[in-house]
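So the protein lines, in turn, are chains A and B. In terms of numbering that gives the first Met the number 0, the first sequence opens at residue 0 and continues consecutively. In terms of numbering that gives the first Met the number 0, the second sequence opens at residue 0 and continues consecutively.
Honestly, the hints are just simulated from the structure, not real lab data. Careful: at least some of the hints might be erroneous.
As the list claims (entries may be wrong) - Covered stretches of chain B, going by a simulated chain A footprint (3 or more residues, C-beta under 8 angstroms):
(1) 11 to 20
(2) 54 to 64
(3) 68 to 81
What the hints assert, rightly or not - FRET-style restraints, in silico, Cβ to Cβ:
(4) B:A23 with A:E37: 54 to 64 angstroms
(5) A:R339 with B:F32: 51 to 61 angstroms
(6) B:R13 with A:S128: 31 to 41 angstroms
(7) A:D213 with B:T56: 15 to 25 angstroms
(8) B:F32 with A:D213: 25 to 35 angstroms
(9) B:S34 with A:R209: 36 to 46 angstroms
(10) A:R187 with B:A83: 43 to 53 angstroms
(11) B:R13 with A:S132: 51 to 61 angstroms
(12) A:S258 with B:E52: 48 to 58 angstroms
C-beta atoms are modelled at their ideal positions from N, C-alpha and C, and glycine is treated no differently.
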Amino acid sequence: MELTSEQAERRGRFRALADEQIAPFADQWDQEGAVPCEVIETLAREGLLGATLPAGVGGLDLDALSFGLLCQELGRGSVSLASLLTVHSMCSAAVLRWGTDDQRQTWLPRLAAGETIGAFALSEPGTGSDAKSLTTRATRTADGWTLDGTKRWISFGQVADLLLLFATSDDGVSAFLVEADSPGLEIRPIDGMLGFRASALAELGLDRCRLPADSLLGRSGLGFTWVANHALDLGRYTIAWASAGLSRACLDASLSYASEREQFGVPIKEHQLVRAMLADMWTEAEAAELLCANAGRLRQEGDPDSVVATATAKYFGARAASRAASSAVQIHGANGCSERFPVQRYFRDAKVLEIIEGSTQIQQLLISHSALARQGETS
Amino acid sequence: MSSTLQEEVKQRTRSFLARFLRNAEVQDTDDLFASGLVNSLFAMQLVLFVEKEFGVTVAHEDLDLSNFRSLAAIAAFIEHKKAA
């Protein structure tokens, strides 16, 4: 993967941040079920919560590849923390792209500075992949909107100040900017999850939740077609890179363990069947990174092919991370099943990567649709 | 009446659509979203194409499917944006 000197310098900084302030504490956060506020404040102080936003609103205005490298390094340290960047960036990008001038002026400087934490609220108890079939209802009132329903599995819903929330109105699915202290909104923590345990998951109860008229983002009825799809595309990009980061973490842990652990009188790295697993992990981590870089290049160019390239990177990356995590636990043996080693967290988190921001099966539908439509094309 | 710019937009957009519509013949006023051949990501891909190919920015006030529903609508939209 070719980087400019500026991108290489940024990656060095992101790596140092992950090595010094994230990875050593990620198991503790996983066990406690939360990322400490101070860590989010650190990301904000570094400007990283405004990574994708323009400098005019206080953002870093990172190019797509640099942003991907940030997601990769956070993912290497803690995919739970990386998912904060995912949902915050999805909310920020939607406001930037589809917000009115007033909405942009109100929210973008705060989102860029991390004074406001954003999140993405699409899923419901009965609605996952079939995301157009939302049962949360948006009703127009004399002075705005009223929302009724339940949202579930909302990453960082416990700490978010601003939720990009989707509900069905008379015109179809519409997008709303909902402040966490809105009357009629109850935020209920969710715990006991398999993975992403530090991602402050929440269920949102909306009982005649009253919103002002200017909370509508984009036009009524076009929230899924434009706003959700645009945000999910960015979300997939971040998860693809975070997956590549998790694959690297699995490989690094396995290389280290296989060099130290001795069985049959030699380090286990000398056993060919262990080497086979290491070779596969290396190869798939490289491939995942290259697919991400390709998606990043196309995104930077504003190329329509970036959409399928991003889905492809997410599809391969998440599955590769699952395979890498499984091999990492296998190489670690009983130790890999213990809380004393991070690979058990990697294993649990990797499975979640195959589900969030479009499941593996949804990516397969998108990719195969494109492949069939472009049948016979040479590229 | 369709201008030269509009004809050019339609021609270039028709080439782009070929990859989504499996080379189906597309008339100027055909509803692209009713064709049954596009998926939920098509609208976003179309916006990216329009922005890159014709050097315009699709802003929130343009967020209307009627601007993108057919080749004729896209051509009229581009001409309007270029004139603005």
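Comparing the hints with the structure gives:
| no. | hint | in the structure |
| --- | --- | --- |
| 1 | 11 to 20 | holds (count 4) |
| 2 | 54 to 64 | holds (count 4) |
| 3 | 68 to 81 | violated (count 0) |
| 4 | B:A23 with A:E37: 54 to 64 angstroms | holds (57 angstroms) |
| 5 | A:R339 with B:F32: 51 to 61 angstroms | holds (55 angstroms) |
| 6 | B:R13 with A:S128: 31 to 41 angstroms | holds (32 angstroms) |
| 7 | A:D213 with B:T56: 15 to 25 angstroms | holds (22 angstroms) |
| 8 | B:F32 with A:D213: 25 to 35 angstroms | holds (28 angstroms) |
| 9 | B:S34 with A:R209: 36 to 46 angstroms | holds (40 angstroms) |
| 10 | A:R187 with B:A83: 43 to 53 angstroms | holds (47 angstroms) |
| 11 | B:R13 with A:S132: 51 to 61 angstroms | violated (33 angstroms) |
| 12 | A:S258 with B:E52: 48 to 58 angstroms | holds (52 angstroms) |
Checked against the numbered hints listed earlier, the structure breaks hints 3 and 11; every other hint is satisfied.
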